[in-house]
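Asker: The numbering used here numbers the first residue of the sequence shown as 1 and each following residue consecutively.
Be a bit skeptical, because a hint or two may be false.
[As the list claims (entries may be wrong)] Straight line, CA to CA, 20 Å or less: simulated EDC-like cross-link-like pairs of lysine to aspartate or glutamate: (1) K137 with E94; (2) K137 with D114; (3) K118 with E145; (4) K254 with E223.
[To be verified] Derived DEER-like restraints, expressed as beta-carbon distance ranges: (5) F35 with T256: 42 to 52 Å; (6) R64 with E252: 11 to 21 Å; (7) K156 with E252: 20 to 30 Å; (8) I221 with K60: 17 to 27 Å; (9) F218 with P191: 15 to 25 Å; (10) N128 with L12: 38 to 48 Å; (11) K60 with P152: 41 to 51 Å; (12) I197 with K161: 13 to 23 Å.
No lab work stands behind these hints: they were computed from the structure.
All values reported here derive from a predicted model rather than from experimental measurement.
Cβ coordinates follow ideal geometry from the N, Cα and C atoms, glycine included.
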Amino acid sequence: MRMVQKKKAEPLIIAVVGPTSSGKSDIAVLLAKTFGGEVISADSRQVYRGLNIGTGKITKKETRGVPHHLLDVASPTRRFTASMYQKKAGRAVEQILNRGNTPIICGGTGFYIDTFLKGLSLPEVAPNHRLRRALGKKSTEELFEILQTLDPRRAKTIDRKNPRRLVRAIEMATALGQVPTIEHAPAVPAPILTIGIAIPDKRLKKNIHVRLLKRMKFGMIAEALRLHKNGLSWKRFDELGLEYRFLAKYLEKKITKQ
C-alpha cells in the first residue's frame, strides 16, 4: 500500500481591515483560534504603554489566549513612526511564520498596514508643533485647500475628511517641498489575504457612541489623569487622537463634560 503524504499548507498572512468599532479585534481572534494564528496590532495608538481605555486596547480576557504583538511597545512621550512599525511588524511576521503559525494583522490604522504589506517607504519628518497648532484651528476644508496648493498630487489621493492625515501631509510638504513619491521596500514573505469588514453607517455610529460611553464608565478620565501625572504633557495629548485631545481640554477646564 502506497502512503500518500499530506501536502503542507503554504504560509499565509491575513489582514483584517475596516472602520473603527466594526469588530475587527473579535474577528482576528476568531481567525487565530480557527487557523492557529497570532495577531499583530496595526493601531497607531495601541503601540503606546498606558493608553488602554481611550484606545480600546484589547484586554487579556478578550485575547482568549491568542498571542498579540505590537501592543505596549513604546512610551507615549515619544513618537512611534510608520517606519518603526514596519520594522517591528516585519520581525513579528517572520517569527510567527517560523513557529508555523499564521500572522493576522489587525487594526484601524490603514497607513500602518499599507506601509508594511505594500512595502511603502517614506522619509522621516519630525513633527512641526508650531505648524500643527496653527493648522489645528482650521477646518478640514481649509486644510485640504492648503494641501492642494502645496502638493496637488497628494491632494488627489488623500482622505480629505481626515484632519490628522491632512495635517501630516501639509507638514511633510512644508518640510520637503512635497510629499515624496513612495518607494517600495522588499515584499512581505508570504501571500496576503485581506478581509474587509463593511458595516452600515447607522449601526457604525451607534457602535461608536456605545463604545464612548463604555470607555467613560470604565475610567477613561482617570486614565488620562494618570498619564499626565506620569509625565505626558497636555500638548502631547493633542497628538494622540480625538478622545485624548478632548480629555485634555476637559481636564484643563477648557471645555465642559457635555
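Asker: Can you let me know if the beta-carbon spacing of N128 and L12 is within 38 to 48 Å?
Answerer: About 41 Å separates the Cβ atoms of N128 and L12, which means 38 to 48 Å holds.
Asker: Taking the Cβ atom of F218 and the Cβ atom of P191, is their distance within the range 15 to 25 Å?
Answerer: 39 Å, violated
Asker: Has the hinted range 41 to 51 Å been met by the Cβ atoms of K60 and P152?
Answerer: Holds: the Cβ-Cβ distance is about 48 Å, inside 41 to 51 Å.
Asker: For the pair supplied as a hint, K137 and E94, is the alpha-carbon distance within the 20 Å limit?
Answerer: 43 Å, violated
Asker: Assess, step by step, whether the Cα of K118 is no farther than 20 Å from the Cα of E145, and give holds or violated.
Answerer: 28 Å, violated
Asker: Taking the beta carbons of I221 and K60, is their distance inside 17 to 27 Å?
Answerer: Taking Cβ atoms as reference, I221 and K60 lie about 23 Å apart, which means the hint holds.
Asker: Could one say that the CB atoms of F35 and T256 fall in the range 42 to 52 Å?
Answerer: Since F35 and T256 have Cβ atoms about 48 Å apart, the given range 42 to 52 Å holds.
Asker: With respect to the beta-carbon atoms only, verify the hint that K156 and E252 lie 20 to 30 Å apart.
Answerer: 38 Å, violated
Asker: Measure nothing beyond the straight line between the CA atoms of K137 and D114; if it is 20 Å or shorter, mark the hint as holding.
Answerer: 29 Å, violated
Asker: Hint says 13 to 23 Å; check whether the CB-CB distance for I197 and K161 agrees.
Answerer: Holds, at about 19 Å.
Asker: So the hint says 11 to 21 Å: do the beta-carbon atoms of R64 and E252 match that?
Answerer: Since R64 and E252 have Cβ atoms about 39 Å apart, the given range 11 to 21 Å is violated.
Asker: So if I understand the rule, the pair passes when the alpha-carbon distance is 20 Å or less; does K254 with E223 pass?
Answerer: 19 Å, holds
The structure shown violates the earlier hints numbered 1, 2, 3, 6, 7, 9.
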